[in-house]
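Asker: In case you want the letters, here they are:
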Amino acid sequence: MKMFSIREENLKVFLRELSLKHVLIAPFKRDGYFEFDVLRNPDDFNVNYTNTRLSPKRFFMPQRQLVFKHYPRKGFTEELKENSSVVLFGIRPCDASALSVLDNVLLNPPHKDALYENRRKNAIVVSLSCTKPMTECFCNVFETGPIRGTGEDLTFTHTSKGFVVEARTQKGIAVIGEFGELFREADGEMLNEYNKLIREVLDEMGSRLKVDKTRLIGIEKEAGEEFFQLNAQRCIECSLCSFACPLCYCFETEDYWEKDSYVRFRGWDTCISPLFTKMASGLDPRVTKADRLCHRFCHKLSRIPLTFNAYGCVGCGRCVSLCPAGIDIREVLRKWG
Amino acid sequence: MSSPETELRRLARSLLEKKAVDLVIGYEKSEAGVRPCFISEPNEAERLVWNPDCRLSLVRYLRGFKEKRVGIIVKGCDGRAIVELIKENQLDRRSTFIIAVECNGVYKPVKYGSSKLGRQIAEYCEKCEVRISPIRDHLIKSDVKALERPSPKNDGEPLDWLSLFRKCLRCMACVRSCPFCYCTECSIEGFKPALVHKLVDPVELFTFHLTRALHMAGRCVECGACESSCPVEIPLTRLYHELNEWFREKYGYVPGVNLEQAPPPLVFKEGEKP
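Keeping their order, the protein sequence lines are chains A and B. The opening residue of the first sequence carries number 1 in the numbering used here; numbering runs sequentially from there. The opening residue of the second sequence carries number 338 in the numbering used here; numbering runs sequentially from there.
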């Protein structure tokens with residue numbers, strides 16, 4: 001696709017213009033770490049962030065959202081409100097790729113997820129390339145970064161002479177067209193630097209973890225192995241890994257009576273929780289912690305690839321860094337990849 | 338003098354060789370830092386490490402090994418947790434071999450997406466007065482000097498707990514890492530009866546944290562396991578510290594320092610007013 005460029009000082013102008021027309025969501029510092037939120041003042045945005053503590057999936061799949069209300073006399077009311085268009089600026093390529101995997105899973109007919117689609121269809125995803133990947137990251141394994149991912153509409157890359165902007169979709173081209181005066185075509189010198197940067201970052205990341213991802217599908221056969229039992233001893237069964245993950249999409253629903261209507265809410269759930277597979281009869285197909293842990297990794301690395309032709313992990317490294325017990329998905333990758 | 342780490346390894350090896358314990362719970366090095374490890378073979382003892390990154394309290398793992406004889410590496414606060422658990426009848430002292438290591442404070446974790454990358458002593462360690470476990474079978478002295486404690490900050494500034502709790506994901510990391518949360522079913526998760534909704538409701542987050550705070554009052558040993566595992570950095574120990582201070586004033590009770598002193602909620606005194 002076509003390459004453009006924007007000068008560094010014009011970025012703030014671009015953000016300001018964007019925030020006037022759309023709901024602009026970008027990362028900024030809050031209480032000692034970076035988090036996505038509605039960016040009201042473009043001066044709060046600083047390019048020098050690593051990544052956000054929590055993943056941006058909550059803008060498309062909130063932790064708790066209303067599905068419908070049922071009034072006993074009037075019948076059902078669906079709660080599908082048309083959302084104003086959201087621009088997610090400064091998302092990292094790994095998280096953007098996670099959104100494309102989510103699209104794959106949730107927007108594939110015949111089982112389309114209307115709630116997700118409603119939030120996703122008007123969203124514009126603008127990514128900012130990682131030029132200094134964190135130590136926990138391993139996006140090179142799944143080819144979801146660090147410079148380009150899948151699922152972005154626009155990709156910004158910071159170089160010494162401003163930002164190289166790549167339009168990846170028609171939506172992205174439309175945005176560039178909208179703010180045409182701020183962008184110009186990227187010149188050869190800039191593109192050279194851009195290509196050099198890609199090579200450098202990829203080399204640096206490639207030296208950390210070399211994994212043949214196609215072999216990971218075999219992990220399913222090893223279920224119940226010693227490795228998972230060892231890690232299960234460590235696991236404290238919190239839901240942190242799933243809640244922080246940019247593409248854990250399991251949900252649960254809850255119905256109750258509220259004032260004058262029955263309501264149904266939907267929200268995040270996690271397969272690490274002992275209650276996840278517990279059925280009303282008392283039967284539980286995944287009784288032990290090792291089973292559940294094994295399931296989590298098998299689902300991400302074997303079952304999602306077999307069903308949806310995409311990996312269930314994008315290598316953002318959130319679970320690696322946040323796990324209180326130090327359970328590390330990279331060990332799984334090394335062992336079976 | 339040998340370093341605490343070598344002494345620790347030697348001790349763990351000899352305990353396992355003599356079959357004095359079935360397994361030793363300690364810390365090992367991992368790619369991302371330090372993590373808990375469970376050692377049952379004498380030659381695995383070399384994996385054990387000891388450094389200021391060993392922050393997660395290992396005491397919570399003891400409840401998984403009730404039928405085994407366990408050696409456990411404890412800091413001052415973890416030892417206090419053991420004392421308190423013995424008083425609450427949750428732990429068999431005879432089947433636990435307590436290896437106390439002198440603790441000089443632990444570092445605050447540097448987590449994903451932090452804006453600062455420097456190492457810094459954890460806030461709860463600044464307040465700590467018990468650096469060696471009050472209950473122990475073996476003591477390992479530390480050779481490193483205490484981590485530098487920054488000059489005491491003004492603690493009086495009130496926190497906006499409502500907005501802090503609103504950030505909570507209810508991922509249960511605080512509950513699950515806590516030595517004292519040994520209920521088989523957490524009241525927050527149960528659905529018979531359901532005290533709170535299963536899905537996170539902003540108002541109920543307050544209920545959750547207050548329920549937990551009330552259950553921690555006079556028991557919390559301020560080991561910081563909850564605070565250091567929290568993904569959104571809610572300073573929970575500060576809340577529990579306040580409650581502990583209130584407990585100390587009201588009943589003269591400090592959790593975990595004296596095995597003989599019964600916890601005030603378990604004692605009935607005639608004529609006592611709430």
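Don't take each hint at face value.
To be verified - When the alpha-carbon atoms are kept at most 30 Å apart in a straight line, the in silico BS3-like pairs for lysine-lysine are as follows:
| hint | chain 1 | residue 1 | chain 2 | residue 2 |
| --- | --- | --- | --- | --- |
| 1 | A | K12 | B | K448 |
| 2 | B | K448 | A | K335 |
| 3 | B | K356 | B | K529 |
| 4 | A | K29 | B | K356 |
| 5 | B | K355 | B | K366 |
| 6 | A | K259 | B | K529 |
| 7 | A | K259 | B | K453 |
| 8 | A | K161 | B | K535 |
| 9 | A | K289 | B | K535 |
| 10 | B | K587 | B | K610 |
| 11 | B | K535 | A | K121 |
| 12 | B | K464 | B | K529 |
No lab work stands behind these hints: they were computed from the structure. Given the structure is predicted, the values throughout are model-derived calculations rather than measurements.
Asker: A separate judgement is required for each hint: does it hold in the structure or not?
Answerer: Hint-by-hint comparison with the structure:
no.: 1; hint: K12/A / K448/B; result: holds, 28 Å
no.: 2; hint: K448/B / K335/A; result: holds, 25 Å
no.: 3; hint: K356/B / K529/B; result: violated, 44 Å
no.: 4; hint: K29/A / K356/B; result: violated, 52 Å
no.: 5; hint: K355/B / K366/B; result: holds, 25 Å
no.: 6; hint: K259/A / K529/B; result: holds, 22 Å
no.: 7; hint: K259/A / K453/B; result: violated, 46 Å
no.: 8; hint: K161/A / K535/B; result: violated, 51 Å
no.: 9; hint: K289/A / K535/B; result: holds, 21 Å
no.: 10; hint: K587/B / K610/B; result: holds, 11 Å
no.: 11; hint: K535/B / K121/A; result: holds, 29 Å
no.: 12; hint: K464/B / K529/B; result: violated, 40 Å
Of the numbered hints stated above, those contradicted by the structure are hints 3, 4, 7, 8, 12, listed in ascending order.
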